[in-house]
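Chains as they are written, first to last, in our numbering: chain Y, 1 to 103; chain X, 1 to 551; chain R, 1 to 177.
Read the hints as simulated data drawn from the structure, not as lab findings.
Any given hint could be a false lead.
As the list claims (entries may be wrong) - 25 Å max Cα-Cα, derived DMTMM-like pairs, lysine to aspartate or glutamate:
(1) X/K167 / R/D82
(2) Y/K10 / X/E475
(3) Y/K65 / R/D111
(4) X/K97 / Y/D54
(5) Y/K10 / X/E479
(6) Y/K65 / X/E33
As the list claims (entries may be wrong) - Stretch by stretch, here's where chain X covers chain R in the computed footprint (C-beta under 8 Å, at least three residues):
(7) 23 to 34
(8) 77 to 87
Model, not experiment: these values are computed from the prediction.
Don't be surprised by glycine CBs; every beta carbon is placed ideally from N, CA and C.
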Amino acid sequence: MTSPLQQKLKVTGPVVVTANRLGDGAVVYRSADGSWTKDLAAAAVVTTTPAAVDLLTAALADKLKAVDAYVAPVELTPQRVLPGNLRERIRFNGPTVALPGER
Amino acid sequence: MYIYDDFDRTLVDERVREFRDQVARRLSGELTEEEFKPLRLMNGVYLQLHAYMLRIAIPYGTLSSDQMRMLAHVARRYDRNYGHFTTRQNIQFNWIKLEELPDAMADLARAGLHGMQTSGNCVRNITTDQWAGVAPDEIEDPRIWAELLRQHLTLHPEFSFLPRKFKIALTASAHDRAAVKIHDIGLHMHRNGVGETGFEVMVGGGLGRTPFLGKTIKPFLPKRDLLSYVEAIMRTYNQYGRRDNIYKARIKILVHELGAEKFTREVEEEWQSIKDGALALDPTVVADIAARFRYPEYEALEDNPPELAQARADNRFRVWLDNSVANHKLAGYAIVTLSLKPAGGPPGDATAQQMDAIADLAERYSFGEIRVGHEQNLALPHVAQRDLPALWRSLEEIGVATPNVNLISDIIACPGLDYCSLANARSIPVAEEISRRFKDLDLARNLGRLHINISGCINACGHHHIGHIGILGVEKNGEEYYQVTIGGRADENAELGKILGPAVPYGEIADVVEDVAAAYLELRDRPGELFIDTVARVGVDPFKERVYAAR
Amino acid sequence: MRLVKAGRIIEDRFVRVLDDAPVPEGVAAVLPATRLLADARDLVLRQAPTGVIWPNDRKIAELAPYLDWIALVALVFPTFRDGRAYSQARLLRERYQFRGELRATGQVLRDQLLFLHRAGFDAFEVTKDSDAATFAEAVHRYSVFYQPTGDGRGSTLTARRARGPSPVIQNPREYAA
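So here's chain Y without its partners, still in its complex pose (with noise of 0.2 Å):
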């Protein structure tokens, strides 16, 4: 997947904006109140490109808890909020193989 800190910006589906912690690099998503969560049911959903600017311009002026932040693609069904492509599906799941050790 072309990383999506490359891409310009066209929403056309629910988006949130997601990033990694700085301090630990964990994989963190934006929330309504401004906080960052690894709880992507928490996250902040938006359907519009400006409300997408918005949440962005916002977490990239947030520096000190969150790096390399991007607009990431969510598909909502009743129950839940998933991730929106495989890429996304592999940092919110973790890796699709099992780590050494653990088969």
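With chain Y held as given, fit chains X and R onto it using these hints.
Relative to the frame of chain Y, chains X and R by itself:
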């Protein structure tokens, strides 16, 4: 292997202290990410999909048992109990926390390990043949020269902000096991007409978006001139390498755009001014470095001792012996390759437990020394032949005795989209599936030496261009597709692979590899004709016809 | 931005002359490269120090004819990641024996100060005030240097020669250089 003196140790300690300060300033916000990123890269710290990744240098692929134990400690204490050995003889840990990195680096420093310059726009880990010092066909140990270069190019004030990364490799055998032709500088030690040993200097090799094989700019460089000549090349690159476009910033582009002749003239002109200066290597400097290389106290042994002769009766042992054990330059000794390619498993990984066990076995059977190969396997370079049966049983117990070295299931793969933020597609599950399909050792042996290289993106960290079968992951409409090349090779007859046909989706790539293997069996003119030679003989089209007939 | 020289924050005595502006009399002045090359014959007669800002994509050899009377060469780091001026600095000091002020300008940050110092710079337009204040710490971070440059610091090449052979390692190989 090289033993640090006080200067070496002090430098690494000072680097740890500096990095600790830099991390603190980043965490406090005093350094922005833009200011910090090149600094952390120069310590081997990447930010990947899930976490930070730490790449630790294993200079020219030589590791001591104590160092391997320290890597196991880092895996356990700071990571998730495993590490990944790379195509450039480094090790990577994938789950590192930035906050804990200074402590991890302090621990590593105690064993003389570090991540200096394993990333960033500087000179990276200098690699060589994993059989250096023990290969029968070698004219001398290239690691002495690798160490001289390593030191010269570590924290070099002029060359720490190059246009792009810089990779150097050396070999001292006619058969190049270090892939020197695909490096920014490749150095091939050889003897000239009057018996002197020197370096053939090749510049501008590299893979990625625009693969090139290195061009010889100096057929014979005397040893005395190694540092000054490399300095001249680096200075030319630092000044004239492109800085406007990261895809055109490697030295291979500069050599290509200037032409080899003009490039060589620039280097030679610069070199004339410095060749007799402070960088001219006098014998005392070389002897000083060489004096800190520790070599085993070998015994005088005979080939094929009784322990070995008797053990050959065991079929499974013999299969492993024939596959994983290579001739040593000394009678009575052997070089043992440890396969990190278990059937259905991720290529090139070792658990902390395995690392500790390998450290112990190295101490017991290999004078405490281990090697890391760019094919992502390990080697024990100094094993007495009489110890092979006992060693084999121990290696089997820890799962590193799969007799698939150099066979189709000995796959070289980058971490791919499961870990890497640059990737377009996954590579590890592709490798795992292929190795599952070929786990029948009779089938694998029948196919013979066959290198599969898998890269998850065009950056080619899996070296797919030089795979006998090369697989490149690409993205099409949000789906993972794979482009196959065949006919690449990495040795002294290096060649880039040719595209076989249209890219295929994730679900089909293992089938395609099976079809390529089947086509080879059909096309080879005798069982002994290697895959790579069949491709050279018949070309790509017969393979393409068979593989794509039904697609 | 603070100018640091000899480990101290100082006032810049050089006036920056832009493009075609007249060069002030009796005052240290630093000019763009094109200006220096065009007006060298007049500039050499000035009664005050003259300096030049030399871009990082021009050969130092072009500046060579003027180095015996130029008081200041300012080299440029458009970003700290663009390392061309390190080579220019070393050439100026080590090839052309330039003894005037060699100044780093552009994006000049704490973590490059030691590299800059080693390459021959002796004056630094340090981008952040906080970095200027820690100059001394920054250039003393390391005591070991593997490679000799023109800065006068000893390298391991000379230090090891002076120390003599290492303690004998178990079974050293006879090595013919």
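Taking the hints in turn, this is what the structure says about them:
| no. | hint | result |
| --- | --- | --- |
| 1 | X/K167 / R/D82 | holds, 19 Å |
| 2 | Y/K10 / X/E475 | holds, 19 Å |
| 3 | Y/K65 / R/D111 | holds, 22 Å |
| 4 | X/K97 / Y/D54 | violated, 29 Å |
| 5 | Y/K10 / X/E479 | holds, 19 Å |
| 6 | Y/K65 / X/E33 | holds, 11 Å |
| 7 | 23 to 34 | violated (count 0) |
| 8 | 77 to 87 | holds (count 7) |
When held up to the earlier numbered hints, the structure conflicts with 4 and 7 and fits the remainder.
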